[in-house]
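Engineer: Sequence:
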Amino acid sequence: MTEEADSEALRGAAFREVFDGLGWNRFVPHAAIEVLGIVVLLDGPTREQVARLVGRCVDVEAGLATPAWDEFEPWTVASLAGALGGNTPTAADVDRANAEGRAWLDRSIAEVDRYATALGVPCPRTLDDVLDYLTACTVLLATTRHSGTHFEINPWAMLPAEVLPLTAEQSAEEDALRWIGLHRPVVRKLIALFGPYTDRPLDVVRTNITALARDLAVPRESARAAVTILAEQPDFAVGADPERVPDVEEFDIRIDWANFVEYRLDIAAGTIESP
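For the sequence shown, the working numbering gives the first residue as 1, with consecutive numbering after it.
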C-alpha cells in the first residue's frame, strides 16, 4: 500500500469512527455524507475544492449553493418491493411509507435547524452551511494555512450529546443505538440464519451461545449481545434470558414473519433505525 493510500485508509477509519461510531450520522443533513467523503478522499480540502466536487461544477459559488437536503423521492410499489428484498407491498403500504418518509424528513430538518441555532450557525440549507455546521459540531476541523482554510475529520470529535441540546431521553437512546451499532453486523448474520429471502425460511432456530458463536464466527460475548438485541425487537422472541442463559444451554429463537415484514417495511422506509 502506498503512503497516499495508507493515509486515505486512516482518514476513512476516522470517518467511520466519528460518523457511525459516535452517531453523528443521525444529526446531519444529507449533503454531509458527500462532504465527508471528499474530506476522506483528499488530504485537507479547501471549501472551494469541496464546493466544486460535491456541487459537480467549476463555479465555486454554485457549488456552495448545493442543497443541504435531498428532496423526498416517493416510494413506488417496485422500489419498495426492491427495498424489501422482493416482498410485494400493497398500495396502502406504499402510501404509508411515503407519508411516514415525508414526515421523517420534515422532522429531521426541524431537528437539525434547532441544533444549528443552539450552536450559533446558520440552519443548513446549502453546502456552505453544512461545512459550518459540521465544524461547529466538532465533526470537522477547520485549520487555516497559507492556502486558505482546510477541512479534515476531527479524530477528537465529541459525542452528539456533548455538543447538541439533547434531552435525557435522546441521550439514553443514543447510548443504546451506539451499542446496537457496535453489534449490528452480528445481528444481521443471526437474522440470516432464518433464511428470510430464501424459498424455505425457518420459523425457529434452536441453538446455544457457544454454537451460535461458532456458526456466526464471532466471540461468545458478541453472539450473546446479538441475541440480547434481537430479543428486544418486535419481530423475534427468545425463549431464555439472553444475558443470563449459560453458554451451552439450548433455547429457541422464533421469528414472527408477519411482524417481520411490517417491521422491516418501516426500516426500508427510513422511519426507524435498523437493529
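Be a bit skeptical, because a hint or two may be false.
[Claimed, not checked] No more than 20 Å apart at the CA atoms, straight line, and that leaves these computed lysine to any residue pairs for SDA-like:
(1) Lys-189 with Thr-117
(2) Lys-189 with Asp-256
(3) Lys-189 with Arg-200
(4) Lys-189 with Arg-96
(5) Lys-189 with Met-158
(6) Lys-189 with Gly-85
(7) Lys-189 with Thr-143
(8) Lys-189 with Ala-225
To be clear, the hints were calculated from the coordinates, so they are not data collected in a lab.
Note that this is a predicted model, so its numbers are computed, not measured.
Engineer: It remains to establish, for every hint, whether it holds in the given structure.
Structural biologist: Hints versus structure:
no.: 1; hint: Lys-189 with Thr-117; in the structure: 41 Å, violated
no.: 2; hint: Lys-189 with Asp-256; in the structure: 17 Å, holds
no.: 3; hint: Lys-189 with Arg-200; in the structure: 17 Å, holds
no.: 4; hint: Lys-189 with Arg-96; in the structure: 29 Å, violated
no.: 5; hint: Lys-189 with Met-158; in the structure: 31 Å, violated
no.: 6; hint: Lys-189 with Gly-85; in the structure: 16 Å, holds
no.: 7; hint: Lys-189 with Thr-143; in the structure: 42 Å, violated
no.: 8; hint: Lys-189 with Ala-225; in the structure: 13 Å, holds
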